[in-house]
Amino acid sequence: MRKNLGSALAIAAVAAASGIGVAACGGSDESSGGDTGANAGGKTGGSIRIGSVLPDSYDPVLLQTVQANQPIHLVYTGLVTYKNAEGKEGNKLIPGLAEAMPSISADRKTYTFKLRPGLKYSDGSPVKASDFEHTMKRLTFLGGPFSSFVSGIQGIAEYQKAKQENADISGITSNEATREITVKLTQPDGKFLFAIGLVNSAPTPAAKSPFKSASPPGSGPYTIKIDNPTRQFVLTKTPGFDIPGIAKGNLDKITVVKETVPKMTQDVINGKLDFMTEDPSGDDLPLVKQKYSDRFRMDPNPPNTYWFFMNETVKPFDKLEVRQAVNYALDSRALQRIFGGRLEPTCNFLPPGYAGQGYEKIDPCPYGDPDGPPNLAKARQLVEQSGYKGMSVTVWGPTKDPRPAIVDYYRDLLNQIGFKAKTKVLDQQVYFGTIGLKKTNAQTGFTDWFQDFPHPADFFEPNLSKKALESSPTFNFQYKSNPVLDRGLAKLTPETDPGTVASEWAKLDRAVVEDANVAVYGNELSTSFFSERMDFKNCSGVHTVYKNDWSLFCLK
Amino acid sequence: MATEPATEFEFGDPAVLAAHDPRDSVAGLGPWRLALRRLRRNRVALAFGGLFVLIVAVCLAAPLWADHVAHTDPFQNHLTETIVVDGQPQDVVAPDGVPIGPTWQGRFFLGADGNGRDIAVRLLYGGRTSLLIGAGAALVTILMSIVVGTLAGYFRGWVDTVISRVLDIIWAFPPLLLGIALGTALSLGGLKVGPIEIQGDSRLIPILIIALVYVPYMARPLRGQVLALREKEFVEAARAQGAGPAQIMFSEILPNLASTIVVFFPLMVANAIILEAALSFLGAGVRPPNPSWGTILGEGIERIVTAPHQTIVPGLMLVLTVLSLNVFGDGVRDAFDPRAKVRLGR
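Here the protein sequences line up with chains A and B, keeping their order.
At the far end of the first sequence sits residue 588, using my numbering, and the numbering has no gaps.
At the far end of the second sequence sits residue 379, using my numbering, and the numbering has no gaps.
It is possible that some hints are incorrect.
Stated by the list, open to error - Simulated DEER-style distance windows between Cβ atoms:
#1 B/I334 x A/S325: 43 to 51 Å
#2 A/P396 x B/P122: 25 to 33 Å
#3 A/G303 x B/L176: 57 to 65 Å
#4 B/L176 x A/G422: 34 to 42 Å
#5 B/L221 x A/D350: 21 to 29 Å
#6 A/K523 x B/H104: 17 to 25 Å
#7 B/L349 x A/P515: 55 to 63 Å
#8 B/L353 x A/S180: 50 to 58 Å
FYI, nobody ran anything at the bench for these hints, they're computed from the structure.
All of these numbers come straight from a predicted model, not from anything done at the bench.
Beta carbons: idealized from backbone N, C-alpha and C, even for Gly.
Okay, chain A solo, but in the shape it has when bound (with noise of 0.2 Å):
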């Protein structure tokens, strides 16, 4: 997903319509409730409030934030969509309104998904195959900020040159009577799968568009009601939702209201808030720390990388000796003060929520232990070497806390390392888009990013791949890739189980560090705190995917 954007960054979005369920309510012949990914003890009923910035749109189709993914996911369920589940099995894939996972052509491009029969959308307009149609036509013609992940369908690219809503998406094929959903692909991709899970390309109903309801009709657990778009949302539980596998949620009603971050925090502590959305900043974090442990964790979720982009066209950076030189003198251990603790020092490019599907510890890492002290030395002899010594360089970041620290700590090591530099700090709002253009000939400054679904080609793909290069703006804030990545992304993209491959994307992973493509430092640890009522050993619903699953939440 995105460069941690907005509020609380963009989580990615990932998404999807997981689990939870179909407002429908569902006719399944299978058992229903079973298996529900809810935490087994967790207490049903009652109510809550929850403090956020709110989500950037209610509308799933252009959602982007984790503000708005939180709640929208548990508002419409896709065809398929993540396990409600903490830690890894988070990032499964289970049949959400399809009745089945796809089954999928031996060329690997065409996926055929069956809906499950009976569905209906929680204002009781029954679940339509088309409606998938309709999702991607919003998602495409609105140009949301997923749309590209759906671009590898037949018939997409004319789609968009007719510039009609109506028109027909070629690589999509509905058929009512059997419930069928055909999807063919340009070519393989392993990362659909995981693209469509997100709840971006969850159906809508195509009779209810355009999405202007303050009570929409959905499929999923809850169903949302707009009192005020821009002070407070409620959700409640869909009466009749009952789709095998996806939590039913636990809590009757939750009420999310907009608070600045410290009003929330002083608000969870006095009980009258029961979660919030966002970290405890300043003298909240440690104050929260030390003094409500029992009701507090810090989790690597959504799976995220910070680093620093090196501009591999201009000068210093196009020679190797000073992106070396970068890595050398980075101290990891410096940035996670800045981050007040919540940050893991890492030499990853990938992070470690991507155990099992491409992340091996790279141990030891080539430029010395990211929990270790710099080795200056080193780095102020390559930049000697590189001839650079002395030149002028502009680091690069965004106005939104802590990123202008960061960018004054490496301002101050480039400076250590025999370079004059300074620093040009943008409104968060522009500062991708700015750096993102080549024009900009941005040299090197932050970046970040958060997982969209739990692919590492999501990591690799939009910010090293020459592929990256061909929009504008782009997020390959490199302006160059490595061949070695571009090689194996053509090789291991198509894969549509990336755990299979674990190996080979770990290799890539190695190869970008080691090039020093990239200078890593870090994974952002996000929060997760709660007020007295809520049972947090049992129900903190912190998610791979959601950050926090507010369908596991209970109270004690």
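Using the hints, position chain B against chain A.
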């Protein structure tokens, strides 16, 4: 015959006269000397003026403190370093990000900030920045105000109408809001006017922004004064002698505005320092990592409980500086015209 004893007064001896009749003693003095004499009698104003001079001197000595006492510069990060305090090694910044407080020794005398930078050093360098911007903005304000106020007041008519309406428009915006808007816009792309280009992180940007937003506050009173002065006999006399508008404005009117300008200056500097601090605090003034009292405050506000020194110290410096300038400025105003009610601000 006995001569008549001399009287106590000897005509023609001003020293004697001055000693015995205060009214006569000031009669021969010019307004500047009179004002200086009155100012010298105002001990409170002088004390605060002295305090301001002391603050300036201390800030000017920043490099000495940085090089010989603190052994660091205002930009250097010391995030992972430790320092011995009372025989015990302490982290400059703890692993949870809380910086060290005042050590009362050379290094980190007033503690560190979140990036492990020495606050005392940044405070001194930041003071230079704040004072430079305050004084610079006040000077530019005065220059612009003299130009527009004199032109508007002297020519009247459409010139006055145009200038006054432009000033009204600027005045319609609260200074802080206008400053934020301009600061945010100019910090991105800088300022480019013809061949003149100013980078977004230049200190000239806040100087120009602050100067601009305060122009109406000074230009309007000056315009009023010029309107009155242009009707005076000495101006008419100059005109009768063939002097043109430019000569009249420079030779006859400007000298008569001098006392007003002198009264305004310290008050304007104080206001400019406050606005700079507010803009920098909000991220629309001095660009980090350059220190100013406002940026130091802004960087410390999130840690006001765990590291209060980060906000208290620059806040205290701001209070002392502005207080000293205001009290001294009031003294100057009283010295030039004890009956005047000149006040800046709203």
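For B/L221 and A/D350, compare the CB-CB distance with the range 21 to 29 Å and indicate the outcome. Cβ of B/L221 to Cβ of A/D350: about 27 Å, so the range 21 to 29 Å holds.
Starting from the range 17 to 25 Å, see whether the pair A/K523 and B/H104 falls in it by beta-carbon distance. violated (55 Å)
Quick check: does the Cβ-Cβ distance between B/L349 and A/P515 fall within 55 to 63 Å? holds (59 Å)
Please test the hint of 50 to 58 Å on the beta carbon pair from B/L353 and A/S180. Roughly 57 Å apart at Cβ, these two residues keep to the hinted range, so it holds.
57 to 65 Å as the expected CB spacing between B/L176 and A/G303, which holds or is violated: holds (59 Å)
Quick check: does the Cβ-Cβ distance between B/I334 and A/S325 fall within 43 to 51 Å? violated (26 Å)
Do B/L176 and A/G422 keep their Cβ atoms within the hinted range of 34 to 42 Å? The hinted range 34 to 42 Å holds for B/L176 and A/G422, with Cβ atoms some 39 Å apart.
Tell me if the beta carbons of A/P396 and B/P122 are separated by a distance inside 25 to 33 Å. holds (28 Å)
Checked against the numbered hints given earlier, this structure breaks hints 1 and 6; the rest are met.
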